[in-house]
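Peer 1: Can you join these two chains into the complex? Each is in its own frame, and there are hints to help.
Take a look at the letters that make up each chain.
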Amino acid sequence: MAEVKIDSKVTVVALVENEPGVLNRIASMFRRRAFNIDSLTVGRTHKPHVSRMTIRVDAGPEYARKIAANLQKLINVIDVRIIDNEPHVERDLALIKVRNDDADSRNTITEICDRYPARIVDVGPKVAIIEVVGTEAIVEEFIERVRPTGIVEMIRTGVVSMGRGTRIHDTNFINRRALAEAAAEARNGNGRIV
Amino acid sequence: MKLKGSEIIMECLLREGVDVMFGYPGGAILPTYDAMSQYEDRLHHVLVRHEQGASHMADGYARATGKVGVCIATSGPGATNLVTGLATAMMDSSSIVAITGQVPIPAIGSDAFQETDVTGVTLPITKHNYLVTDVRELAYTIKEAFHIARTGRPGPVLVDVPKDVQIAETEFVYPEGEIELPGYAPPWAAQDMDIEAALRLIQEAERPIILAGHGILMSGAMNEVRELAERAQIPVSLTLLGKGAMPEEHPLVIGMMGMHGEACSNLAIQEADLLLALGMRFDDRVTGNLKTYAQNARKIHIDIDRSEINKNVKADVGIAGDLKTVLTQLLPNLPQKSHPNWIGRIRDWQEDASERDILNYETPGILLTAQVINDIWKLTGGDAITVTDVGQHQMLEAQYYPHQRPATLLTSGGLGTMGFGFPAAIGAKFGMPDEEIWAIVGDGGFQMTLCEMATAVQENVNVNIAIINNNFLGMVRQWQELFFEKRYQATPMVNPDFCKLADAYGIPNRCVTQRDEIEDAVQFARGIDGPTLIEFVVEKEEMVYPMVPAGADLHDMKRRPKPGEA
Ligand SMILES: Cc1ncc(C[n+]2csc(CCOP(=O)(O)OP(=O)(O)O)c2C)c(N)n1
Ligand SMILES: [Mg+2]
Numbered sequence: 000m001a002e003v004k005i006d007s008k009v010t011v012v013a014l015v016e017n018e019p020g021v022l023n024r025i026a027s028m029f030r031r032r033a034f035n036i037d038s039l040t041v042g043r044t045h046k047p048h049v050s051r052m053t054i055r056v057d058a059g060p061e062y063a064r065k066i067a068a069n070l071q072k073l074i075n076v077i078d079v080r081i082i083d084n085e086p087h088v089e090r091d092l093a094l095i096k097v098r099n100d101d102a103d104s105r106n107t108i109t110e111i112c113d114r115y116p117a118r119i120v121d122v123g124p125k126v127a128i129i130e131v132v133g134t135e136a137i138v139e140e141f142i143e144r145v146r147p148t149g150i151v152e153m154i155r156t157g158v159v160s161m162g163r164g165t166r167i168h169d170t171n172f173i174n175r176r177a178l179a180e181a182a183a184e185a186r187n188g189n190g191r192i193v
Numbered sequence: 000m001k002l003k004g005s006e007i008i009m010e011c012l013l014r015e016g017v018d019v020m021f022g023y024p025g026g027a028i029l030p031t032y033d034a035m036s037q038y039e040d041r042l043h044h045v046l047v048r049h050e051q052g053a054s055h056m057a058d059g060y061a062r063a064t065g066k067v068g069v070c071i072a073t074s075g076p077g078a079t080n081l082v083t084g085l086a087t088a089m090m091d092s093s094s095i096v097a098i099t100g101q102v103p104i105p106a107i108g109s110d111a112f113q114e115t116d117v118t119g120v121t122l123p124i125t126k127h128n129y130l131v132t133d134v135r136e137l138a139y140t141i142k143e144a145f146h147i148a149r150t151g152r153p154g155p156v157l158v159d160v161p162k163d164v165q166i167a168e169t170e171f172v173y174p175e176g177e178i179e180l181p182g183y184a185p186p187w188a189a190q191d192m193d194i195e196a197a198l199r200l201i202q203e204a205e206r207p208i209i210l211a212g213h214g215i216l217m218s219g220a221m222n223e224v225r226e227l228a229e230r231a232q233i234p235v236s237l238t239l240l241g242k243g244a245m246p247e248e249h250p251l252v253i254g255m256m257g258m259h260g261e262a263c264s265n266l267a268i269q270e271a272d273l274l275l276a277l278g279m280r281f282d283d284r285v286t287g288n289l290k291t292y293a294q295n296a297r298k299i300h301i302d303i304d305r306s307e308i309n310k311n312v313k314a315d316v317g318i319a320g321d322l323k324t325v326l327t328q329l330l331p332n333l334p335q336k337s338h339p340n341w342i343g344r345i346r347d348w349q350e351d352a353s354e355r356d357i358l359n360y361e362t363p364g365i366l367l368t369a370q371v372i373n374d375i376w377k378l379t380g381g382d383a384i385t386v387t388d389v390g391q392h393q394m395l396e397a398q399y400y401p402h403q404r405p406a407t408l409l410t411s412g413g414l415g416t417m418g419f420g421f422p423a424a425i426g427a428k429f430g431m432p433d434e435e436i437w438a439i440v441g442d443g444g445f446q447m448t449l450c451e452m453a454t455a456v457q458e459n460v461n462v463n464i465a466i467i468n469n470n471f472l473g474m475v476r477q478w479q480e481l482f483f484e485k486r487y488q489a490t491p492m493v494n495p496d497f498c499k500l501a502d503a504y505g506i507p508n509r510c511v512t513q514r515d516e517i518e519d520a521v522q523f524a525r526g527i528d529g530p531t532l533i534e535f536v537v538e539k540e541e542m543v544y545p546m547v548p549a550g551a552d553l554h555d556m557k558r559r560p561k562p563g564e565a
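Chains E and H, in that order, are what the protein sequence lines are.
Counting along the first sequence from 1, when you hit position 172 you're at 171 in numbering that gives the first Met the number 0, and nothing is skipped either side.
Counting along the second sequence from 1, when you hit position 473 you're at 472 in numbering that gives the first Met the number 0, and nothing is skipped either side.
Next comes chain H alone, as it looks inside the complex (with noise of 0.2 Å):
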């Protein structure tokens, strides 16, 4: 059969089982757009307000369902504004593929119209690109990109594809089969005596901490990873992104670790004399300064990147393979073993933590995020898939948002990318439909993206957005008052009127102020079947605790006075 090929492109995408794509239209994609209304029964097309916001709800659905989102956008400017969303992807090993289109490839390099070199501008950006020169090419190519955006690392990966290419025709022939590249082979399990080395390590450990990051969510090692905690009795700290590797009631659970992880964490991980790292990449913004990182302790790294072995940190055993493969190697000859002494100091520190939570304390008149994010946990039954912009509510999601199952935090952790909350809380929605969704984003970052409102909207998409409103940009705020002797440059906004705002886009939308309000509009947004916006006016000059300065060392915190101590 002979087809287009922007047929091809949709025959391709149906076969990769999407049924969702985030996109806007434009001149050297208008071949492709016109083909959608063949398909249209088949592969919804999600209009967005911009790009970006396409590249993020591209983002949000994968990181929800654990498969590849699409988006797609137009040559010159449309895959420029893709860019953000792109490297936000690449740092969390979010699988998406792009499509974008491209000047005639009689015009490639002549600066055409909206000609931009966009497989050069996403080279660094993507786990792969292409450009796309033969139309015989094309639906290998698409395939070949799925393969490897959800294979092995995860990551983005870009199809350019000229317009000339969009148009011309060729036979059909979806090539079948498992993809083989020669050059792309994921590490998959272990060598035996790495195995046994770790074991070794495991065995002659007296305080042992398993570091569970976003790896186990994505090769799908939960279960393997309590199995692993339970029998050796190891305390589990997470990662931001490794958030719902197991469920934080769990008591062998201590919270996040890192630059506003929970201070037992990051004491346990400098005491330690053996870490687990799963799936984790030793990240600056949770190992402080390398040089007194975790110095007592031997290292056992996983990770399916080779690459990131040995990165930041000298691993004694490192296991290039995928984890649940690996760790399922390891759990046979697992030893009972038990810590009591060692748990017994994380959970004195846990007890200091918790005379400190800013919820223990007298607030009257006043809200603060930490009470809403709480509340809003309570109130969902802390069963919400939420998603986070960048910023301190992010971090206090982090904190008081306690997640039981698997991809139900979705952040930007790598990049910090503010304007990812809303739109990808949209994504995640497509991918989960059944979900409640809540958007928790910042004064700040929500301006960067709100324009997805009129998506949402026209689309009906049940999310429902909280707007943590401090009339600053929170986190900077804090490190000039900690940094830079309070002086707030540029720091502090003159809002718009957000509830206006929503009553413009038809959302139905509530004004938080006092603590007492929050249930009723919480009831309220989850109560309307489509998008609602809560705006809560929260203490302009909050402050996360704890907090670990960049770069000091990972134990020496600031943490929040006792109450009497300040």
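Chain E with its partners taken away, still in its complex shape (with noise of 0.2 Å):
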């Protein structure tokens, strides 16, 4: 499936400490500065002191040179890129209830998964959901499809990206505290941590 990419928007990717209070100090920032943001999304990487942030602004890219300088502020933000128009994969998932209670509508829904990256994880004899998972845009114009038939609930959770190939965004960091154990060890008597 080819890779549809909306214009207007620009992705902010930071890798933060995965600390208590992180998320507190990124969004007091967002509100203090008037930021207006899309869609944040939070998440563990592979490494359990690292966190990563995925932040869609509908704005150019000079205003999300703008986040990453005040989110680059933050003591507890490792590292941040623009994906602007550097290749990458983006994936967006929502979990959409719809009505299914005729025979009509469910032949529609069930049409439509069909032609998209979506399928339905839950079916009842009045409702059923549908998971689609995909870029934004996909994902927006899978949701316009089944408007008509008659959404009840829906959530999504926003978009993640990584760059495609070798644009590997990762960190040596350690957090202090795998230190300090790591030190409290080793001690020798000076106390040094190296």
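Each hint should be verified, as a subset may be incorrect.
[Unchecked claim] 27 Å max Cα-Cα, derived DSSO-like pairs, lysine-lysine:
| hint | chain 1 | residue 1 | chain 2 | residue 2 |
| --- | --- | --- | --- | --- |
| 1 | H | K66 | E | K46 |
| 2 | H | K290 | E | K65 |
| 3 | H | K323 | H | K290 |
| 4 | H | K310 | E | K8 |
| 5 | H | K499 | H | K561 |
| 6 | E | K65 | H | K313 |
| 7 | H | K310 | E | K65 |
| 8 | E | K8 | H | K66 |
| 9 | H | K539 | H | K485 |
| 10 | E | K65 | H | K323 |
| 11 | E | K125 | E | K96 |
| 12 | H | K323 | H | K310 |
| 13 | H | K142 | H | K323 |
Because the hints were derived from the structure by calculation, they are not lab data.
Please read these numbers as outputs of a predicted model, since none were measured by experiment.
Peer 2: Here is the structure:
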């Protein structure tokens, strides 16, 4: 399936310390600076002390640079990148509960689902839950297709992105707690932490 | 060696070079106060009368010395009383470490007695803050706090320490070596291509102007800025906090810019074809209407905070870096230049301004703030550290007390915090015991923190208080006169007898109502080794000119009429 890119949107990806309160610091900064953001997701990475945030902004790259500069100022933010034109994979996921109480709507839904990266994950006599996973654009298009059959409930996760190929966004950062524990074990009198 | 958390705090402060801290005790910080007794000979604690005073004292200390100021308070109300001081320090990039007590860890979140979510409250007004939940992390956290407070763009850092962490014991190991924080790398040098681009703009400019900000002082780039200005013959306009970046007597310095700046500075900015903005952030008080700001100028903006670049004013060349380092990269290839026409034009504006100078007016029988300040300047040889409060007297200080050295005007610029002046002056004196210190305060602002007179007496702090008493919240009254048809709502004040008040605290004092009494009173204050107070009863309805009304174009200044013009 071809990657569709929505041109007006920019993605900011931040690696942050997985510490209590970090999300609060970031949210507080967005509120304080009156930054308008489209979606924000946080998730774990392969390193337990590092979380990764994906922030979608419906604005030009200049705005994204402002956001990035302010994010970078936060001590717990390890690294920030703007994904704009470079090739990347992005995914958004939506769970959509739709009416399913007559043959017509059942057929329509099955038909639409066949043409999108979507599947029905729960079926009952009155409603069904559809899961759709894809780029933000695909998910949005899909939602518009099923809307006429009657959406009764919906949730989206927000976009996550990753650069293609060897564009690797990672950090060697080891958190202080891990360091301090290592040092405590290896303490040799002078207490130097290396 | 096993130490209690409270002792670790003291050990860490000592290792950071702290010799004085300003604070106020209470339940949740009591273990730390108890530990102080063992350290009394090396770490002096100044008991304030309100925690706001402690935060401003730490700030004044930091601004005067360039070192980190330390304040300390208990949980809940103690910590919330620090808030104004932290916000003040945040806005003016002043390095403070605040240590607050917190309820014991098991009680956190239970609305315990004197529990406040202090890290939550101070999150947007600190550069960073910590809640220490494990005594083993305490030493590292304090070291990190100092590092963050003093490096990069300095700012306040708060460390919240629960009572049980202060009591708990652990092996004390001071983390030696450099702090390395993965998410914290203040920019340092510029890229060659940016230096080249900047040099090209300087080379091409015919009407350049340097906007000299606080960053110059903090980076210690005074010599580099001077060399830049002299070699390329660029006039220098100062921000309020940039005062001292270059001696005001220097012929290239054309005074302060902005709302109450010199007309020649504001006009020059509007006509310039190049702005060199050095360690300043284009605050709305210096730009006026951004849409019409410096329309003819290309802009070079150098600041250590990347997020300042392109924030308010778009830069043609934006460099995030340490000013001294960046200017050192730039200077070797800086062309020798001269701009006689441009400087001539500025001289004409300066002449016009001096015709309007209030000091040249006949004002028999009344005492004017400008006269008081200018006389204090003369009598102190222009060499005192002045610490102002906020209002008309603050702007008049900036206009009538020229400063030659860096860090000799301490004032709350970004937040404009009334009540800052007097406690900040006390803090400054602790940092700079050999300097002559004057707190120049309004009758309004002084009353916000005057309880610190007791602190000044208890510690015998040699600070001279000059109260500019106009019986008004003068600056607000000025706005009411200009923009609200003189409806003086809530600005006239019935004041206490300040001299009697000083008497009650045991502070030697004088009251001055005539110009010819100024000298005697100032010399009286200078002769006393301890706090003194002079009340200057000035004209009630003075105006500070020039004035760019809030949001107006920078060249659209209200000027004092010339004699005969009024
Ligand atoms: C804490 C605080 N409250 C209110 C203000 C708004 N304000 C700015 S200047 C001013 C008047 C200051 O009066 P005074 O201290 O007497 O100084 P003056 O202007 O008369 O020299 C006020 C109320 C402020 N800056 N800070
Ligand atoms: Mg007043």
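Peer 1: Could you run down the list of hints and mark each one as holding or not?
Peer 2: Here is what the structure says about each hint:
1. H:K66 with E:K46: Roughly 37 Å separates the two Cα atoms, so the pair is violated.
2. H:K290 with E:K65: 20 Å, holds
3. H:K323 with H:K290: Cα-Cα ~31 Å, so violated.
4. H:K310 with E:K8: Within the cut-off at roughly 20 Å; holds.
5. H:K499 with H:K561: 40 Å, violated
6. E:K65 with H:K313: Measuring from Cα to Cα gives roughly 12 Å; hence the hint holds.
7. H:K310 with E:K65: 7 Å, holds
8. E:K8 with H:K66: 44 Å, violated
9. H:K539 with H:K485: 13 Å, holds
10. E:K65 with H:K323: 25 Å, holds
11. E:K125 with E:K96: Holds - the C-alpha atoms of K96 (chain E) and K125 (chain E) are around 10 Å apart, at most 27 Å.
12. H:K323 with H:K310: 22 Å, holds
13. H:K142 with H:K323: 25 Å, holds
When the structure is compared with the earlier hints, violations turn up for hints 1, 3, 5 and 8 and for no others.
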